[in-house]
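*Asks:* If you're matching them up, the sequences are chains F and A in order. Be aware that the first sequence starts at 25, since it is given in the working numbering, and climbs by one per residue. Be aware that the second sequence starts at 32, since it is given in the working numbering, and climbs by one per residue.
Quick caveat, the hints were computed from the structure, so don't treat them as lab data. All values derive from a computational prediction rather than experimental measurement. Take these hints with a grain of salt, some might be off.
Taking CB as the label site, the calculated pair distances span [claimed, not checked]:
#1 A:206 - F:640: 16 to 26 Å
#2 F:582 - A:64: 28 to 38 Å
#3 F:693 - A:202: 41 to 51 Å
#4 A:64 - F:583: 23 to 33 Å
#5 A:50 - F:130: 28 to 38 Å
#6 A:213 - F:26: 25 to 35 Å
#7 A:50 - F:602: 42 to 52 Å
Stretches of chain A that chain F covers, calculated by requiring three or more beta carbons in the stretch to come under 8 Å of a beta carbon on chain F [what the hints assert, rightly or not]:
#8 75-81
#9 84-91
#10 131-139
Every residue, glycine too, gets a C-beta built ideally from N, C-alpha and C.
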Amino acid sequence: MTLQRALRVSAKLLTLVAFSALVGTGKTPAVVVIGGFLALTISFAQECEWGSRWNPLHLPRTVWNGALFIACLVTVMDFLWGTQNALQASLYVLAFLMTNKLLTLARLKDVPQLFVIGFLEFLAAAVLTVDLWYAMAFVVYLLAAIWALLLYHLSCEAVQHMRVADEACLASMPVPLTARFFWTTNAIAIGALVVTSSIFLVMPRTGFGFFQQAHGTPIRTSGFSEKVDLGVIGAVKQDPTLVMRVQFPELEGEPAERVYLKGASFDHYTGQSWTNTFPRRRFLAKTDDGLFELSPRSALDRNVPRVHQDILLEALDISVLFGLPFVNEIRGPFVSLETDGMGGLWLPHALPRRLQYAVTSSHTSLSNEDRQRELSAYPTEVKRRFLQLPSVDPQVADLAHAVTRDVLTPYGMTIAIKQHLLSSYAYSLDVGSILSASPLEDFLFTRKTGYCEHYATAMVIMLRTVGIPARLVTGFLPGEWNDFGHYYVVRQQDAHAWVEVWFPRSGWVTFDPTPSVMKPVLSPLLKQMGGLVDSIRLKWDRFVIHYSFYDQMTVAQGLRNQGETVRTYFSSLIAMLKGWLVPAQDAGAVPTSQIPWRALGSVFLCVACVLFIGACLRRRRVNTAFLNSDFASIRLYERMLAVLAARGVSKRSAATALEFSARVCQECQAAGPLVQELTALYYRGRFGHESLSHYDLQQAEQLLTQLASVPR
Amino acid sequence: MALSSLRALLRWASRNRSIRLTSEGVRFVLLTVGIGVASINTGNNLLYLLFAMMLSLIVISGILSERCFKQVDVSRRLPPALFANQPATAAFVIANRSSRLPVFSLRIMDVIEATAVDRGIQLLQLLPGARTIQSYPLLVKRRGTYVLEGIKLFTRFPFGLFVKAATFPVRSDVIVYPEIKDLSSVLLDDLSMVGHDQALPRRGHGTTLHNLRLYQPGDDSRTIHWKTTARKSLLIVRETEAEDQRQVTIVLHTQMSDPSHGPDFHHQFEQAVSLVASLAVLFTERTYEVRLVVGEQELAYEIGEAHLSRMLSLLAVCRPTVESPANSREPLRLTESRGNALTIHVLPCPDPRLAEATQGISRVLIASECM
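Chain F extracted, bound-state conformation (with noise of 0.2 Å):
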């Protein structure tokens, strides 16, 4: 292959992985996609053997000027009456000078045009686009590149080289393309994806916020607003879209017990919907370290379990945020936020991007008094809001007493109202589209099935006709549990509603009526592959896209920790050391027990190690020098010395070369000249300060081989 051939292939295969990663965000529009592929199919054809004719494709300047002008009217007109993004809708004057240089790549001059053009694609790839698409095309992007600047700078080299005004040289010039080049290019773009990646870790990231753009259309889901219609979370039952990513950093696999994600709680119900009635919320205070506190951590009791979770969740339009109940603490991105009245979690507006925050909270379980503790009075404010009943059918409070007629305590009727949803009813999710006038009472009494809405509004109701605080909660149950990642996948089919019971001791405690569904199961292979490439999505995600000042901060909080670790250890270390090695000045020597005879072989190991790895590394530098400049002519003496020694003329250790040169010509006429040959190659060789030329190597094998066959 010849150097220009290399330089235009690897330059269109630049230009190709920056408009698959363009095409990869899905918001390039359908003419640019088919036309930007058109142009680089014929424009790698034009590289084989009977596409060369077209090359570069000859069309008149008006076709060009008059393509052009349609390309910036598109582009106008795209952007005052279509997609209204000023980027999206360059997309089409950028596809076609993408078009124009590909088709006529002729000179030099043109590749590192077509060099920024494929660069300018790749960069509205970055803007429009955080999906993991764009890491693959990112390591391919940078290999290639690396592969076409390489080209274009030897190329120009080689012009410059053969001081010609035109590039006609490279196309007779082969590209010096070996295996050790192919290696070492390789190499390089390694090595610059290890630096790139060292540099995006450490370069402080700030954010002045102007020009910011939301990355997609937010989710759409329903469930989670102030005001929930009952069965409208059924919609969203069947959607697989992905919700959010929830971690929990300080347990090693799934948590054992189920876990709710807690979103929206609903205390007024009107027979049809369920309404937030708190009239206002109250915004959180920020501590100077980021974190909004719901509780004060002095007020929490320590003996309560903590849970910590790291939320990753995807944009929706809604702005309740989720966590396991109940909430003390949260840290994430957040200018404000606030809480409603029954520990809900709020931003002022749905952010139209991803979030990542952290969540810890405390797990509420039943005390033994409230489980026996009989029916009392309630708290006015409680029993105002949340025993509050809507005109239903007086069946439904026929069917509450009937089911709690034998038990007395209200644990004991919350687990009766319970067992009975889970026992009589069934779940299904087709329960038609349309909204019931009186939707309890279809579930409970005419269809006798329905999914979590249902379950969770007639226990509620249920427990309030029987006198027990309860509201509805909306939330979603953990999903997939991913074991690459060790987090669940939360998906919309993943929403749920459940019920919390407020008890006098224990406060809010969850129960769910739902019975559990099994869910379709994938075949293994498909679930590992599906988990793997979650699991490296989400650590994109983690490690990429949501990489922030504060991970940075923790990093170096983390290595200062880490420093101050190893000296604390350093220093108690050395400071039994002393009482070790000098027990004289006082009576407090050590005793041998207590010597660190671990970390003092520790210490020595690694003084051993570097010792020895410092010897390899001088032992190689010496061999290397050795190598280079005097290895051909002593590894050539010491073959000339074999042969004569097959020979029974063997050089005595404290002759110098040039003596048993001397004495070979005494003792055998016909060697004597060739070994003069020979010794005179190593002398200047080995000692001369010069290497030895192909030439010489190729003389002195030719006299090896006279010497060989000289008879004995």
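The hints should help you fit chain A onto chain F, whose structure is shown.
*Replies:* What follows is chain A alone, placed relative to chain F:
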């Protein structure tokens, strides 16, 4: 303290190294700055990633170009002496010490008076362990000691964004002899007669008849004296008297009589030096014993190439001297010659005192008139 440490660090980092942007590099850096500003402004991590990629290309450029320099051994080969204004061939010897990695895109230049002088030597690729000799024509304008302070390597490898230069302190001092000029035909005719009256009474190469003798096998047939051969009917050859032991003294007068004529005098002095060198070469070729007197320095009668080198070396470094008031009234210094040896005085320019001083002197050549 910190500032001085920083300075020391900078000095260490920039030792023998320099770097400048190419036009492509300027565009690349501007694009990088643009991406950097965009990433800081938007806080978009993918823009940060692209920014990091572009910075990494700059870093990789620096590392690879440095590696190019580190794995290269470079030296220079020069002739032992040069003549001013006469092209000679010098060479760079470049070896790749690495046994694994090739070296790309090297441009090699000489460093003269702290300036890189392009010799048009460029290496596209040097394979691992390979060694190459790149020769180039060298033309030095002035006599004297020509100092090549070092060798400067330039590379744009790997991406052509930067031109990185490394200076290797490979110093070479070479003596540049004065320019040897063709002497005018008049002068040559005149000088061709010089010494013919000094033929030595012994056999040798010359023109004066020394002896006639019988032809012996091995004698040059051109030396047969045909008239005598015809008369005696025996092959008689002619032997000539030796002329190779004839002696000449060349005196270069270095005193500048009138300092106000400085620039002219220097030019004329250079002409005189060149004339003396040309004469020295001429007489050495004619196997004369040549004695050279340059100002206060003197090289005794000798013959041969080695003596010629010594004479040319002396001429290469001689300088005009300004006449001091103390010796301004002294007559022109005349040099004693051996026996009837020829003496040629070379003066940079005509001197009024010369008429008096040149009484009895064989030849006086005025450089400005002869060259």
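*Asks:* State for each hint whether it applies.
*Replies:* Hints, one by one, checked against the model:
A C-beta distance of roughly 48 Å is found between residue 206 of chain A and residue 640 of chain F, which places it outside the suggested range of 16 to 26 Å. Taking the beta carbon of each, residue 582 of chain F and residue 64 of chain A are about 32 Å apart, inside 28 to 38 Å as hinted. Between residue 693 of chain F and residue 202 of chain A the beta carbon distance is about 48 Å. The supplied range of 41 to 51 Å therefore holds. At roughly 30 Å, the beta carbons of residue 64 of chain A and residue 583 of chain F sit within the given window of 23 to 33 Å.
Distance hint check for residue 50 of chain A and residue 130 of chain F: the Cβ-Cβ separation is about 33 Å, which falls inside the suggested range of 28 to 38 Å. About 51 Å separates the C-beta atoms of residue 213 of chain A and residue 26 of chain F, a value inconsistent with the hinted range of 25 to 35 Å. Look at residue 50 of chain A against residue 602 of chain F: about 50 Å separates their beta carbons, and that is inside 42 to 52 Å. Counting residues of the segment 75-81 of chain A whose C-beta sits closer than 8 Å to any C-beta of chain F gives 7, which meets the bar of three, so the coverage hint holds.
Only residues whose beta carbon comes within less than 8 Å of a beta carbon in chain F count, and the segment 84-91 of chain A has 6; three or more means the coverage holds. Counting residues of the segment 131-139 of chain A whose beta-carbon sits less than 8 Å from any beta-carbon of chain F gives 5, enough to reach three: the coverage restraint holds.
Hint violations for this structure: numbers 1, 6, all remaining hints satisfied.
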